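Novice: Chain by chain, the residues run as shown.
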Amino acid sequence: MKFQDYYQTLGVARDASPEDIKRAYRKLARKYHPDVSKEPDAEARFKQIGEASEVLQDPEKRAAYDAVGAQQAGGSGDFQPPPGWDTGFEFSGRGDEGFDAQDHSDFFEALFGRAARGMGAQRRAMHMPGQDHHAKVLIDLEDAYRGAQRSISLRVPVLDAEGRGVLQERTLAINIPKGIREGQHLRLAGQGGPGLGDAPAGDLFLEIEFNTHRLYRVVGRDVYVDLPLAPWEAALGASVAVPTPDGEVELTIPPGSAAGRKLRLKGKGIPGSPAGDLYAVLTIALPPAGSDMAKHAYAALKAAAPDFDPRASLKG
Amino acid sequence: MMSIMNHDHTIDIVEEELQLTLDQLCRACRAHEELVRVWVVEGVLTPIGAAPHEWRFTGASLRRARLALTLTRELEINAPGVALALDLMDEIAALKARLRTVT
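Sequence order for the protein chains is D and S.
Going by the numbering used here, the residue at position 43 of the first sequence is 43; the numbering climbs one at a time, nothing skipped.
Going by the numbering used here, the residue at position 85 of the second sequence is 85; the numbering climbs one at a time, nothing skipped.
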């Protein structure tokens with residue numbers, strides 16, 4: 001297990017005041033908030049920052065962490081908490097706010113106990129519905145066209161025989177329905193946290209996210225693909241093959257098509273009722289004037305269009 | 001509502017026709033009822049129905065409510081601030097979507 005330097009995570013000194021820690025946390029939380037941030041590892045960073053601030057902003061936890069950190073000083077790499085290190089500390093926790101128990105690192109769990117927070121709140125009431133759980137599922141655009149099977153591993157806090165909270169791993173096979181769109185949620189009734197006593201289990205919510213695709217861009221139900229054309233195809237019209245997530249389709253390019261024009265393939269977007277559309281966005285690729293013949297052809301084109309002004313729109 | 005049975009559990013697509021009561025929404029996003037009431041007053045969420053016990057939230061509200069909760073807790077933004085942040089995020093999402101339609 002790796003020792004986590006929470007002070008380093010937040011970029012504060014070991015003797016930082018609670019205000020300094022709070023300020024550092026706010027700044028980083030805004031920067032790495034997964035819903036706001038454009039940083040690629042935002043979600044992982046946000047969790048680290050949250051965990052660091054959870055420990056350092058809680059005087060009890062900070063004292064316990066500092067005690068362990070002192071022994072670790074200078075060392076790096078593998079970390080094991082010394083046996084019986086936590087005698088004398090009692091963690092009251094902050095109730096159910098903040099991070100999900102599943103979000104903590106192994107390091108945090110070794111120090112402060114597994115799933116200690118969520119369970120503490122639940123023990124007080126004898127009958128309580130289970131918590132709803134949330135997770136994200138990454139799929140490919142093609143999966144939305146055809147439907148897909150996914151196995152999802154979940155770590156769920158449960159109470160063991162002695163009433164301690166432990167994390168239990170379980171795998172769930174789910175069918176991603178055809179026609180699913182990015183940002184939609186699947187609800188799996190009764191697959192969330194177990195209820196206490198006679199109360200029902202919570203639900204599991206899965207948010208659908210698409211992997212970035214090499215060719216396609218997705219907007220709701222509609223799919224966009226860039227379609228490069230040779231100048232003569234755009235000018236004279238042509239029939240060209242367009243890739244779609246469902247396979248190639250022949251598309252007729254009308255004569256006189258300009259770059260940026262969108263040609264719609266109705267119903268070739270994400271399936272459903274109504275199905276989305278697929279738009280081919282035309283771009284024009286110029287052949288290089290590498291050979292004498294090509295140079296002559298460009299010169300002939302210039303001669304054929306003496307009044308053509310590509311910059312007419314720039315003039316007032 | 002679109003439901004598919006597999007491995008003896010039911011899958012619903014939340015955004016398709018699923019409607020949540022105040023109680024269900026609070027449970028699904030783990031927010032206190034008073035907080036959700038404040039969000040409705042501030043326009044963060046717009047349920048159908050007049051009185052709170054008649055409120056029905058669309059499936060899409062769930063995502064908004066979860067976002068609002070993170071902004072409230074992690075960044076300590078107050079309700080009008082959350083409403084503003086969500087409006088701006090919607091605008092950014094709409095602009096990004098428009099960007100994806102051009103090359």
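What the hints contain is simulated information worked out from the structure, not anything from laboratory work.
Incorrect hints may have been included.
[Unchecked claim] Calculated cross-link-like contacts (lysine-lysine; reagent style DSSO-like; alpha-carbon spacing at most 30 Å):
(1) K96/S - K2/D
(2) K96/S - K136/D
(3) K22/D - K47/D
(4) K136/D - K47/D
(5) K27/D - K136/D
(6) K302/D - K96/S
(7) K96/S - K295/D
This one's a predicted model, so the numbers in the text were calculated from it and none came from an experiment.
Novice: Are the hints correct? Go through all of them and say.
Specialist: Against the structure, the hints:
1. K96/S - K2/D: Roughly 39 Å separates the two Cα atoms, so the pair is violated.
2. K96/S - K136/D: Given that 30 Å is the threshold and the Cα spacing comes to 21 Å, the pair holds.
3. K22/D - K47/D: At roughly 16 Å apart (the allowed maximum being 30 Å), K47/D and K22/D satisfy the hint.
4. K136/D - K47/D: holds (15 Å)
5. K27/D - K136/D: The given pair, whose Cα atoms are some 26 Å apart, holds under the 30 Å limit.
6. K302/D - K96/S: Given pair K302/D, K96/S is violated - Cα atoms ~39 Å apart, limit 30 Å.
7. K96/S - K295/D: violated (40 Å)
Hints 1, 6 and 7, counting from the list given before, are not met by this structure.
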